[in-house]
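Keeping the supplied structure of chain A fixed, place chain B upon it in accordance with the hints.
Okay, here's what each chain looks like letter by letter:
Number of protein chains: 2
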Amino acid sequence: MPRNPQLVLSQARAPLTRITQVMDEQGEWREQALACERPLTLYLNKREIVTLMTLGEDPEALVLGYLRNQGLIERLEDLLAIQVDWDVEAAAVVTTHTPDDLEETLSKRTVTTGCGQGTVFGNQMERLRGLTLAPWHLKQSQVYQLLEALNQHNETYRNAGAVHGCAICTATGEVLSFCEDIGRHNAVDTLAGRLWLNGIESEDKVFYTTGRLTSEMVIKAAQMGISVLLSRSGATEMGLQLANMLGMLMLARAKGRHFLVYSDQDRLTLDARPDPMPRSSKRRD
Amino acid sequence: MPRNPQLVLSQARAPLTRITQVMDEQGEWREQALACERPLTLYLNKREIVTLMTLGEDPEALVLGYLRNQGLIERLEDLLAIQVDWDVEAAAVVTTHTPDDLEETLSKRTVTTGCGQGTVFGNQMERLRGLTLAPWHLKQSQVYQLLEALNQHNETYRNAGAVHGCAICTATGEVLSFCEDIGRHNAVDTLAGRLWLNGIESEDKVFYTTGRLTSEMVIKAAQMGISVLLSRSGATEMGLQLANMLGMLMLARAKGRHFLVYSDQDRLTLDARPDPMPRSSKRRD
Chain A
0 MPRNPQLVLS QARAPLTRIT QVMDEQGEWR EQALACERPL TLYLNKREIV
50 TLMTLGEDPE ALVLGYLRNQ GLIERLEDLL AIQVDWDVEA AAVVTTHTPD
100 DLEETLSKRT VTTGCGQGTV FGNQMERLRG LTLAPWHLKQ SQVYQLLEAL
150 NQHNETYRNA GAVHGCAICT ATGEVLSFCE DIGRHNAVDT LAGRLWLNGI
200 ESEDKVFYTT GRLTSEMVIK AAQMGISVLL SRSGATEMGL QLANMLGMLM
250 LARAKGRHFL VYSDQDRLTL DARPDPMPRS SKRRD
Chain B
0 MPRNPQLVLS QARAPLTRIT QVMDEQGEWR EQALACERPL TLYLNKREIV
50 TLMTLGEDPE ALVLGYLRNQ GLIERLEDLL AIQVDWDVEA AAVVTTHTPD
100 DLEETLSKRT VTTGCGQGTV FGNQMERLRG LTLAPWHLKQ SQVYQLLEAL
150 NQHNETYRNA GAVHGCAICT ATGEVLSFCE DIGRHNAVDT LAGRLWLNGI
200 ESEDKVFYTT GRLTSEMVIK AAQMGISVLL SRSGATEMGL QLANMLGMLM
250 LARAKGRHFL VYSDQDRLTL DARPDPMPRS SKRRD
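Residue numbers (numbering that gives the first Met the number 0), protein chains in the order written: chain A, 0 to 284; chain B, 0 to 284.
Hints may be right or wrong, so weigh each one.
What the hints assert, rightly or not - Ranges between beta-carbon positions, derived for each pair:
#1 B:H257 with A:G70: 43 to 53 Å
#2 A:S140 with B:L269: 44 to 54 Å
#3 A:T97 with B:V87: 42 to 52 Å
#4 A:V7 with B:D203: 47 to 57 Å
#5 A:P134 with B:E30: 18 to 28 Å
#6 B:N153 with A:G198: 39 to 49 Å
#7 B:H257 with A:D86: 46 to 56 Å
To be verified - Facing chain B, from chain A, some residues (calculated, C-beta under 10 Å):
#8 T19
#9 R37
#10 G182
Hints listed in this document are in silico derivations from the structure and should not be mistaken for laboratory results. Backbone N, C-alpha and C fix where the C-beta goes; we use that ideal spot for every residue, glycine too.
Here chain A stands alone, though its shape is the one from the complex:
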């Protein structure tokens, strides 16, 4: 789905880190970097929707991804403008029409993930049921390539000290898009916004996160059309249930040569088994 050719997009950028003076355990003073945290109030057709606390790396993509994942915008061509102004810490989004049920949607908000009971949950699960994800196969060697590429990326871009970083990668080991933010869901929403805006095919991509694979992370990856999940951390029960339901290959606790496959195990081709470690030094999980 193409963007509206008249789409107006700002490119609001603000510093991501600041320096402060701190005292260490020796009583010595030194400089320390702090990640910025900026309140960004989102207006949809002049209606105040929410305030997102963000590092501020890519506010236009964040706001678009948020609106999309909340079901507040359906088609990319309906998007007319995203104007972010850090001076007033606001993002004004203009679309061709406002959803009819906006007030109702806004009155029922779920905190801490996009999944819950009641109307919000009901709607979310309905939208998920329509999703068909592509069950392609990944190779173990590709997983190792990816982890290496992500390591290198982290080394290069260790500026703000990622609380939560996530990325969209190709199966052949390329980090297409990386995002870090104060909150995990902001980071994912930003990736979703970028993918959508740039018309990137997502069916054959891998979603990576440093954080745990919760229901929210799994849902958002699925909403992006991605069927392979990779995490350094673990997963929650609900995250796994959803991955199974949606047909997603979930690899977690991935570090170095180690990983665990929680679902769709038959979609991972074990073509690069590492030498087994001697029992005495076996990694405690």
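Same frame as chain A, but now just chain B:
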């Protein structure tokens, strides 16, 4: 402020972890624990408020802390009942009266922290301005005692694999209350609920978190009346600004003998400086 003597409180408990079968990099299958993630829909006087995704460790305290931190309940004696039923994944809270501006409050929700612009921010900052925190002094030796006590606590209770753990501790090295949850703000809200319910004096306590000291964490600790913050991770710029404004002693990046003091440095007595490390092995921050 005492609780209402007729307060009805459930003690709903559900398993915190589940076991699943996973495949590792050798193609071998084994059991792996997953943290549970349960949607808990909160009703205040029969009005649906929000759905919180939680590990489920202490739902009554979570729900109370949430309501308090959102300004939806002012006095403990107004609380008549909290009934959590995991079968229907719901928490019914009954208070003596519903806030007049409930609909307005609910229509403006901030995601990812409790701080933002607009009406929510305005109200939040107003409530914070009224806060006076006690500027007591902490000793470096006490910091080390605390970190040791927290380490031991982690060792003993490493069940669900804390995503975000936080604790209320005494200055003399006792972990009074520890909480872990899927989301950081849920963990803090739960602690707030427990403190309030049990009438625990908080002025002289230390708030500890494994996560970063964001604006939200700082605000919630302040709302609990706590003026000393301790974190294993870093801080955000806004978190620090708020700590300065509210008069809080903030120690972060605390591990082993190392820490950094970001604010109110004169309130930390350096009575246990470690031997300085030789330059070649100086810890890279």
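Q: Using the Cβ atoms, figure out if T97 (chain A) sits within 42 to 52 Å of V87 (chain B).
A: violated, 34 Å
Q: Using the beta carbons of S140 (chain A) and L269 (chain B), state whether their distance is inside 44 to 54 Å or not.
A: holds, 52 Å
(Q) Min Cβ distance, T19 (chain A) to chain B: is it shorter than 10 Å? (A) Status holds, d = 6 Å.
Q | Satisfaction of the hinted span 18 to 28 Å by the C-beta atoms belonging to P134 (chain A) and E30 (chain B) | A | holds, 25 Å
Q: Using the beta carbons of H257 (chain B) and D86 (chain A), state whether their distance is inside 46 to 56 Å or not.
A: violated, 38 Å
Q.
Restraint: R37 (chain A) near chain B, CB-CB cut 10 Å. Satisfied or not?
A. R37 (chain A) check passes; min Cβ-Cβ to chain B is 8 Å, inside 10 Å.
Q: Identify whether the interface hint at G182 (chain A) stands, where standing means a beta carbon of chain B within less than 10 Å of its own.
A: With a closest approach of 4 Å, the G182 (chain A) hint holds.
**Q.** Range agreement (Cβ of G70 (chain A) with Cβ of H257 (chain B), hint 43 to 53 Å)
**A.** With Cβ atoms ~46 Å apart, the hint holds.
Q: Evaluate the given range 39 to 49 Å for the C-beta pair formed by N153 (chain B) and G198 (chain A).
A: holds, 46 Å
Q: Return holds or violated for the Cβ distance of V7 (chain A) and D203 (chain B) against the range 47 to 57 Å.
A: 54 Å Cβ-Cβ, so the 47 to 57 Å window holds.
Checked against the numbered hints given earlier, this structure breaks hints 3, 7; the rest are met.
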